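S.K.: From just these sequences and the hints, can you work out the full model?
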Amino acid sequence: MDIKTIEHLCNLSKLNYTDEGKQKVMAEMSEIINLMDTVKEFDVVYDDTKDNNSISYAEVREDKAKPSFPTEKLLSNTKPSDNCYVVPKMVD
Amino acid sequence: MNLKEQTLDTLRGLLDTKKISAPELCGEYIKRIKEINPEVLGYITVTEDEAMKSAEQAQKLIDSGEAKPLTGIPLAIKDNICTDGIKTTCASKMLEDFVPPYDACVIEKLKAEGYVILGKTSMDEFAMGGSTQTSTFAKTKNPYDLTRVPGGSSGGSAAVVSAGIAPAALGSDTGGSIRQPSSFCGVTGIKPTYGRVSRYGLIAFASSLDQIGPIANSARDCGTLLNVIAGKDSRDATSSTKPAEDFNAKIGQSIEGMKIALPKEFYSDSTDDEVKTSVLAAAKKYEEMGAQLVDCSISSLKYAVAAYYLVSSAEAASNLSRFDGIKYGLRGEGRTFDEMIRDSRTRGFGDEVKRRILLGNYALSSGYYDAYYLKALALKQQIIKEYDEVFQKADIILTPTAPTVAYKIGEQETDPVKMYLADICTVTVNIASLPAISTTCGYSANNMPIGMSLIGRKFDEATLIQAADAFEAGFEKRPNNI
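Chains as they are written, first to last, in numbering that gives the first Met the number 0: chain W, 0 to 91; chain H, 0 to 481.
If you're looking for bench data, these hints aren't it; they were derived computationally from the structure.
Because the structure is a prediction, the values reported are computed rather than measured.
Think of the CB as a built atom: it goes at the ideal place given N, C-alpha and C, for glycine as much as any other residue.
Accuracy of the hints is not assured; some may be wrong.
[Claimed, not checked] No farther apart than 30 Å at their CA atoms in a straight line, the calculated lysine-lysine pairs in the DSBU-like style are these:
#1 W:Lys72 to H:Lys231
#2 H:Lys3 to H:Lys30
#3 W:Lys78 to H:Lys326
#4 W:Lys13 to H:Lys138
#5 H:Lys30 to H:Lys18
[Unchecked claim] Quick list of the computed label-pair ranges, beta carbon to beta carbon:
#6 W:Asn10 to H:Ala248: 51 to 59 Å
#7 W:Lys21 to H:Thr335: 41 to 49 Å
#8 H:Met51 to W:Pro69: 23 to 31 Å
#9 W:Lys3 to H:Thr413: 25 to 33 Å
#10 H:Lys241 to W:Asn33: 39 to 47 Å
M.R.: This is how it looks when you write it as structure tokens:
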């Protein structure tokens, strides 16, 4: 784990760290990755045909429109303007 | 009224025979919460007005002879389960002011029974932790010793039941988060089979592992709650179509001839001696009741913690990417869209949540995906295979719930690797999608509860409740002094 990797991960994760914070989290992540490295000792390859995670399409709900949640309830968790979510300008 | 260790059956009897009304019962709990919660810090939000309102409605049902098993029963709800109109914070600054616009499926089902919500319980932030000390709002303490952790992540739910400020509660379990705090706080908690309970409205941590379940004073009470919350829900495609059943139906049946497996790896040197001694004494009790003990092995256990953290963190990194501060949650500042999102997440998430997101993105990123994430999935397949083999020769599996009893606050929760390794006894159950129940089987020299776990075949919660109840019937619990 080096500073370049940590900075790459921070970009992927949309997180900011100060320089001091980066050093601290780099040390912590190094120890965590050492623990994760134990999986490399295990000599078996993943076989995606053996997974039993599929969901039967017969069991999924009907694709039917339903009423939305009340707009005022949804907007109560943010600071809306004219019933719209407000975001910083993306295009000049 | 003494509220400590009250069972749901007793409370049902008191309500149905009009020895107490639902509003009176609710009032007793609210009064005790006001006395005890400032010490234990089990609740983040106490919903006194909502509780009294629903208690009055429940009383009308009782008076008209329409009471169901949970009508008028006060319950506590973990703060990652959405409750319409009631703050649901996940114990995170990110969701400090979040009020869900809808109820989770389990809450709809409890409301249909006429339950009474006492409040929302503390937890590790976004359910990531085993101590409840990563909670932003209430670092819960263990009712058996206020200088010790209650476990986690459902530490608030376990502590409020243990302290007698709720007769039962709902928690969630991704890697042991119902069972380990139940063990630390001397109560009973069941993690149902993956798919048994709808996850609709449970704020997602690791979607392939998360499951909602009850925490209560007995296995029977866990069954009573599970009877209400289980079942197919079209809004959670992974919920099972298995028909509803009475999870308490096998209580009282003899366990003679039941085969109980003891995987040797769970009884290694990494488990404290007094924990091993208590769990093995429980095995002996089962033998005296006519069960047969079977030796077995789960050899991949040594890789399980790493596999669990890779899979759960990868899913967490993906699930938590929704927290951008736009539609809900903490809104950061920034001149650009990207700056605002980064500021929201940096200020909203705590250290442990950030570590898990970083680890998840590491495991999923180019160059590391095969070595870590796919390897973890291979291990998942191996663990499932090994459990399948054990269940060919045994009906249930008995293990310690945690390698230690509850430890002192500040002793290890600042060391992530130490915390992760402490999950060794619980994570394989989630990886293999199995049900497991934890109940108290002894006490340490310093009077802290020791928990044992019974692990069952998929969708065989009834056998776990039967076996746990059989043990509880002959076990004398030591109450705490709260």
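S.K.: Take the hints in turn and mark each one as holding or not.
M.R.: Here's how the hints hold up against the structure:
{"no.": "1", "hint": "W:Lys72 to H:Lys231", "verdict": "holds, 27 Å"}
{"no.": "2", "hint": "H:Lys3 to H:Lys30", "verdict": "holds, 13 Å"}
{"no.": "3", "hint": "W:Lys78 to H:Lys326", "verdict": "holds, 9 Å"}
{"no.": "4", "hint": "W:Lys13 to H:Lys138", "verdict": "holds, 27 Å"}
{"no.": "5", "hint": "H:Lys30 to H:Lys18", "verdict": "holds, 19 Å"}
{"no.": "6", "hint": "W:Asn10 to H:Ala248: 51 to 59 Å", "verdict": "holds, 54 Å"}
{"no.": "7", "hint": "W:Lys21 to H:Thr335: 41 to 49 Å", "verdict": "violated, 22 Å"}
{"no.": "8", "hint": "H:Met51 to W:Pro69: 23 to 31 Å", "verdict": "holds, 25 Å"}
{"no.": "9", "hint": "W:Lys3 to H:Thr413: 25 to 33 Å", "verdict": "holds, 27 Å"}
{"no.": "10", "hint": "H:Lys241 to W:Asn33: 39 to 47 Å", "verdict": "holds, 41 Å"}
The structure fails to meet hint 7 from the earlier list, while all remaining hints are met.
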